[in-house]
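Asks: Respectively, the protein sequence lines represent chains A and B.
Converting from the first sequence to this note's numbering requires adding 236 to each position, the first position being numbered 1.
Converting from the second sequence to this note's numbering requires adding 7 to each position, the first position being numbered 1.
These aren't lab readings, by the way, just hints derived from the structure by calculation.
Think of the CB as a built atom: it goes at the ideal place given N, C-alpha and C, for glycine as much as any other residue.
Each hint can be trusted.
Label-pair distances were calculated between CB atoms; the ranges are:
hint	chain 1	residue 1	chain 2	residue 2	range
1	B	Lys47	A	Pro276	36 to 46 Å
2	B	Gln24	A	Arg307	26 to 36 Å
3	A	Ser422	B	Gly19	23 to 33 Å
4	A	Arg393	B	Asn77	20 to 30 Å
5	B	Glu55	A	Asp387	31 to 41 Å
6	A	Thr390	B	Lys47	20 to 30 Å
7	A	Gly457	B	Glu33	52 to 62 Å
8	B	Ala38	A	Ile266	52 to 62 Å
9	A	Pro438	B	Ala45	35 to 45 Å
10	B	Glu55	A	Arg413	43 to 53 Å
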Amino acid sequence: MKSAVIVFPGSNCDRDLAVALEQVSGTRPIMVWHRETELPQGLDLIGVPGGFSYGDYLRSGAMAARSPVMRAVKEASERGVSVLGVCNGFQILTEAEMLPGALMRNSTISFVCRDVELSVENSQSAFTSRYSAGERIVIPVAHHDGNYSADRETLDRLEGEGRIAFRYSGEVNGSARDIAGIINESGNVLGMMPHPERMIEPAHGGTDGRRLFEGLLEAIG
Amino acid sequence: MKTRVYVTLKKGVLDPQGKAIHHALEGLGFAGVNDVRAGKLIELDLDEGVSEADVEAMCRKLLANTVIENYRIEGAA
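Just need the whole structure built from these sequences, with the hints factored in.
Replies: Given below as structure tokens:
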């Protein structure tokens, strides 16, 4: 699996994501700086990492979504390259209109940083094939703006098309319909607030995140 | 030329920050506040040649996220 991790000023989970990808796939991802206008050739997967790109100025992910590299990421996704956006990466993908909806300030106002239980809603995607539908898994969250918001029509469509990948089992941030992660229409872009890269070896307190990367490896080689 | 762009959350979109401000005002003893909505004011200093349509485009492409926000453009003297 040839992968790249995009690095924005203020990204802070880029290395964690790279470590997870390397551990599972055996190949070190290429780190790509946000100013790049072209991506390395032959990528199978692009990781858009967590953090506070551009200091969360204006809105979380707003600046990063308009940076030069994201144009290339969008084009690659349209050619079928898989894209995984975690936390700030999810915010960036919605701001870039690669995923619908928006991530607003948590309903509690406070930053939430803890392990949360998720239910796997769709086990058919390239990202979730190593889980079973309805399975409960534990993955940590660490965010201030994870409150997923979209109009009812969009939410109904996401549910109807099986594009909700993960839901929170309990109240976390006020997200509409407890949405923790969604998939795009073509099934090759996943955005999620929880951090699977922080749950890949027993020393992390669990390995529930690892199967996401293993599933990806299996699906895209 | 100074132009102001007001960005506000759409009606019906919950505003956790507005709610917290509301609670804080009540905590300070201010009565009669029915609701609080928080937004942003962005001031642009523009060349004369920049049209309102250009500012509209700026709003749609960056300044507001039209999934959840409305914007209002106000020219200032």
